[in-house]
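We have chain R; now place chain Y onto it with these hints.
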Amino acid sequence: MTTYALQTRNLVKKFGGFVATNDVSLNVEAGARHALIGPNGAGKTTLINLLTGFLEPTSGEVILNGDTVTHLAQHQRVKRGLARTFQINRLFAELTVLESVTMAVNERIGIGARFWRPVGAYAEAVDEAASLLSTLRLLDLAHEKTRNLAYGKQRLIEIALALAMKPRVLLLDEPAAGVPTSESRELFETIAALPRDVTILLIEHDMDLVFRFADCISVLVSGALLTGGTPDEIANNPKVKEVYLGEAISV
Amino acid sequence: MQAALTLDLAPIARADRWRPAELAFWLIPVAAYFIFPDNLVLLTQIAITALFCLSLDLILGYAGIVSLGHAAFFGLGAYAAGLLAAHGYGDPLFGLVAAAIVTAVLGYVTSFLVLRGADLTRLMVTLGVAMMLYEVANKLTSITGGVDGLQGMEVLPVLGQFEFDLYGKTAYWYAIAVLFVLFCVARKLVHSPFGLSLKGIRLNVGRMPAIGAPVNARLSAVYTIGAAYAGIAGALLAQTTQFVALDVLSFNRSAELLLILVLGGSGSLYGALLGTIVFMSAHHLLSDLNPQYWQFWLGALLVVIVLFARDGVMGGLRRLGAALGRNK
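Protein sequence lines correspond, in order, to chains R and Y.
For what it's worth, numbering that gives the first Met the number 0 labels the leading residue of the first sequence as 0, then goes sequentially.
For what it's worth, numbering that gives the first Met the number 0 labels the leading residue of the second sequence as 0, then goes sequentially.
Watch out, some of these pointers could steer you wrong.
[As the list claims (entries may be wrong)] Covered, in the sense of this in silico footprint (three residues per stretch, anywhere, with C-beta under 8 Å from a C-beta of chain Y), are these stretches of chain R: (1) 34-43; (2) 105-114.
[To be verified] Computed from the model, here is a short list of chain Y residues facing chain R with C-beta under 8 Å: (3) 8; (4) 86; (5) 89; (6) 187; (7) 193; (8) 195.
Hints in this document: simulated from the structure, not taken from any laboratory.
Built from N, CA and C at the ideal position, the CB exists for glycine as well.
Extracted from the complex, chain R is given alone in its bound form (with noise of 0.2 Å):
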């Protein structure tokens, strides 16, 4: 039987009388790196955002590893081992790239409240955070500030704060969004590099990566599930090429 990292039955989200998902069931299998694509406004970060618990369903659940989470928070559904990253930066401008990634280190392992010690003095959490840069290749940005830096490295700041939580599951939300060509091959080259026992939903209109990338691809257009299956049954799948592709190339 194939275990399932990440599920969902039958979600539906209305926001007012516009359906934004409509009754989707996905099924992202362990390990995998799944690829979510859809043409714009088929509700893809919508999707994310019920995955995650910054939105609550109309209907439906959301199912981690196994256990229902439809009701959780989102912090909540991080220590259970969901993470996400932002289609657009959600970074913190004054802090150096150090602190923030300890930061995150500092929530997963659950000293975040902790309010006398200060921060050094939790080596554990500093280390932690310095050898995620590095694996990165981010260590000679150690103590930048982040506004600082250029954008493909924020976007890969992005990623760390997301691996910082140590997830079985990963959301890369448009991940390669914004980054000029020059600075997206070390982001993609990353992301490629990533640990296989950590589950990948990717969200991303760069067709390239997603082709590269994927092992399962799904398609959402207006909200529903059009189809599924392995990148060559998807690039071969008339539907697709129709309401996907074929609407790309238009553009």
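Only chain Y this time, still in chain R's reference frame:
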């Protein structure tokens, strides 16, 4: 872990070390005592307001919670300590602890109202709580004395040793000592993981749940602590003046405090202290020089400081320091 060894961790490991400039700063209250022996009452007021401002800095400067009603806690603390002293419980430290507990409870309870909304809602809620307390104190004349103020306080000697004297020496050192101790505690707080998470919440509240931080619990905690600090400041005022006027709860006090913090530079503990010193000294000097129109000059001073140092006195000093460092 290999990687960590190649990185110099000093900036984060030594972030909480006392710097020479900080030690020098704390010589100011000692020097002021000898230079202005006739102004101890004013100096005591500055110390108390500095503590009050520190409390707003914790919730606004660090955690980003705007408040236009912080006097609610200051006033409640003042009445708590005042009523205790008026009813035979005049030990000053006991009064401070009691004021801290009462205001912390109010802070914790009202934090849930404050957390419900965004900035403008918070302004309204904090303002509303303070207005209600003001009118309660105004109405309950049999307990608070209403507009006549609370009288008949008998404050015992500090630690059973140091009696409050006519010159205000004991009052001054008492206020300075309490300010210093609570400053050190606040300093611990802001350098801790808790303090770092508050900065995170202020800088990007939307990200914090995604890194597993319970935002509301943290904000509730700091709001409670800020309330207790303000309550202690109010209690100090009551004990050192042996009187509680209704205006401890006034809107004016909350608004002026906000002004002082912005003037000094919010988000820096020394900004809160420097802002208080600058504002209250200017207030005192200008009202001496020009008793009728002093507010004009105070306003002018505020505009000039904000024009040249948008992040307050502390920001201006920081840039001055950086510029001097470059010239060396």
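Hint by hint, here is what the structure shows:
1. Counting residues of the region 34-43 of chain R whose CB lies closer than 8 Å to any CB of chain Y gives 0, which falls below the minimum of 3, so the coverage claim is violated.
2. Check on the region 105-114 of chain R: 8 of its residues sit with their Cβ under 8 Å from a Cβ of chain Y, so the three-residue criterion for coverage holds.
3. Hint status for residue 8 of chain Y: holds, given a least beta-carbon distance of 6 Å to chain R, under 8 Å.
4. Below 8 Å, beta-carbon pairs count as interface contacts, and residue 86 of chain Y has none with chain R, the closest being about 34 Å; its hint is therefore violated.
5. Annotation: interface hint on residue 89 of chain Y violated; nearest CB of chain R at approximately 32 Å, more than 8 Å.
6. A hinted interface residue such as residue 187 of chain Y counts as satisfied when its beta carbon comes closer than 8 Å to some beta carbon of chain R; here the least separation is about 6 Å, so the hint holds.
7. The interface hint given for residue 193 of chain Y holds, since its Cβ lies 4 Å from the closest Cβ of chain R, which is under the 8 Å cut-off.
8. With a cut of 8 Å, the hint placing residue 195 of chain Y at the interface with chain R holds, because the nearest CB-to-CB distance is about 5 Å.
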